[in-house]
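**Student:** Here the structure of chain A is known, so what remains is to put chain B in place on it, guided by the hints.
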Amino acid sequence: MSSAPPSEDLEDLYETAPCGYVSLSPDGRIVKANRTIAAWLAWAPDDLVGKRVHDILGFGGQIAFETHLAPLLRMQGHVHEIALDLLKADGEKIPTIANAAEKRDAEGRHLFTRLTLFKAVDRRTYERSLVEARARAEAEAEAQREAAVLREQFLAVLGHDIRNPLAALDAGVRLLGKEALSDSGRTIVREMAGSIERASALVDNLLDLARGRLGGGLPVGRDADAPLTPVIEQVVAEVRRIDPDRQVEARIAVEEPVYCDRGRIAQLATNLLSNALTHGAADVPIRLEAVTEGSDFILSVSNGGAPIPDDVRERLFQPFFRGATRASRNGLGLGLYIASEIAKAHGGTLDVRSTAEETRFTFRMDKRPPDAA
Amino acid sequence: MNALVRHNVQVTGQGDRAIMFAHGFGCDQTMWQPVARNFEADFKVVLFDYVGHGRSDFSAYSPERYSSLDGYAADVVEIGEALGLREAVFVGHSVSAMIGALASRRAPEMFSDLVMVGPSPRYVDDEDYRGGFSRAQIDELLEFLADNHLGWSAAMAPVIMGNADRPELGARLENSFCSTDPEIARDFARVTFLSDNRGDLDSIPARTLILQCSEDIIAPLEVGQYVHSRLPRSEFRQLSATGHCPNLSAPEEVTAAIREFV
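Chains as they are written, first to last, in the numbering used here: chain A, -12 to 360; chain B, 22 to 283.
Excised from the complex, chain A in its bound form (with noise of 0.2 angstroms):
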């Protein structure tokens, strides 16, 4: 003879649950609670009857239950996973995760408040252990943004000094060419005016750099108030002069005005001139175009050499990054970021293709002023 399956007793079940039961009044007083929870609040079951639910939350609990759980309840019947430090008879807490529910009769009128709670001491620190972790994180990461700052003001204040020693050693320079001088000399003389020329390229860009991120982008002044044809021809005769036994060959077709600054365009040329002397083949010319075509003015600068490759060239704008190539001659790795700055300004682009047979960077933008386009 089999004996039939044991039933559940739900008188039991409510009782001696895995977890606390409690029902509250409308007026927030304990009507029913089961075994489990007095229990665990060291309490006997009909003592906790007629206390109200503020007795057994801790103080944090009894706020939230009157500024938050209270009116959520109200307004949508029910609340789920609130962490509730609970109060036992002697003092101590005991945490864990409560739901809470309104039984309402028909009308909607409020009979009860159900709470059902679960002890979740690992939980809860694991959770409280987050949170730390967390506050931690956002402190060290706002710690060092500030170092990001003050590393940026220090730049620009370090950019800026050095211009003036630099602008006196190469009018010194300048003084000197002039002078009767040996041959020698006279190489001497124009090595000086290059490397002149370059550390007084790299601190532009570097105060550029600084400015640009301190505060909104990079100044610009823009007209079209004299040719470019010659602004550009003075960057190629000045790169020509730095490095002579480089091939550099320009084909400059400016037929309109382009409403530009033409300061930042000869930045611009110069930048990407001297990223091509850096990165190009040494047996394979530089070549420089700047043409009108349409409503657009066209600059680009191509070298030979080994194609950049795809994951350098996601990166080639952004400051400070330097390709794998030499780092000694590689500078700060700012120009190619400066050069698409001064192209953003211009409301332009600059893009790089690059093949076996050329790398080239080419910068386009609306040579009209902006509101007549």
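Hint data in this document are derived by calculation from the structure and do not stem from the laboratory. Certain hints may be false.
With a straight-line Cα cutoff of 20 angstroms, these simulated EDC-like cross-link-like pairs (lysine to aspartate or glutamate) come out [as the list claims (entries may be wrong)]: (1) Lys38/A - Asp77/A; (2) Lys38/A - Glu236/B; (3) Lys75/A - Glu164/B.
**Tutor:** For chain B alone, kept in the frame of chain A given last:
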């Protein structure tokens, strides 16, 4: 930004006189709806959310501006100016009772009558003054808020599961009940529970009704009586509603009391 957008201001009802309801710590304008709707027949009813609560513009929050209740009072006055309020009634729950008092002093012609529901000018005990809170208890409350960083977002986004076929309902619920940015909630708790506006009470010009709840642990009876004794033109009324939110637990009683006063 426009104060009406910043505070998600909702204007309903018909009437020449305006009545503005302000929510307290822990909730948003939703908590006034059961009372506010009873005034729509004969008042211009104004509801709003403080910055960082409900559907306000959270990006307008600044810890500096809101480092004292004055910043909140300035917002109330800005809303009043945008709506051209004059001789209006301001109904403030909990901490908003004091915010309303400060606003009425800033703009006496804007709010001629105040209703304070569960007011407290200072929550922490101080020498002879009994606010009902100790400093350690305030810290415990802040700890509770930190603990519920994760929990609150769950509470604020009521289960959508039952409404899988009506996702728009879920989205609406998610945003409508007492949603608060946890960081802002913590700041607001600190500003609220550490405020001391006892010195401001003497100079509040508006007629005031104090509604005192029974068994309110946040604003106990003696605090309500203290406010009454210090406010020059105040009436004191004991409600039979219990707890700190009679606007939700007993909207009829609160409505009747406000009606009698205005």
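**Student:** Which of the numbered hints above does this structure break?
**Tutor:** Structure breaks no hint.
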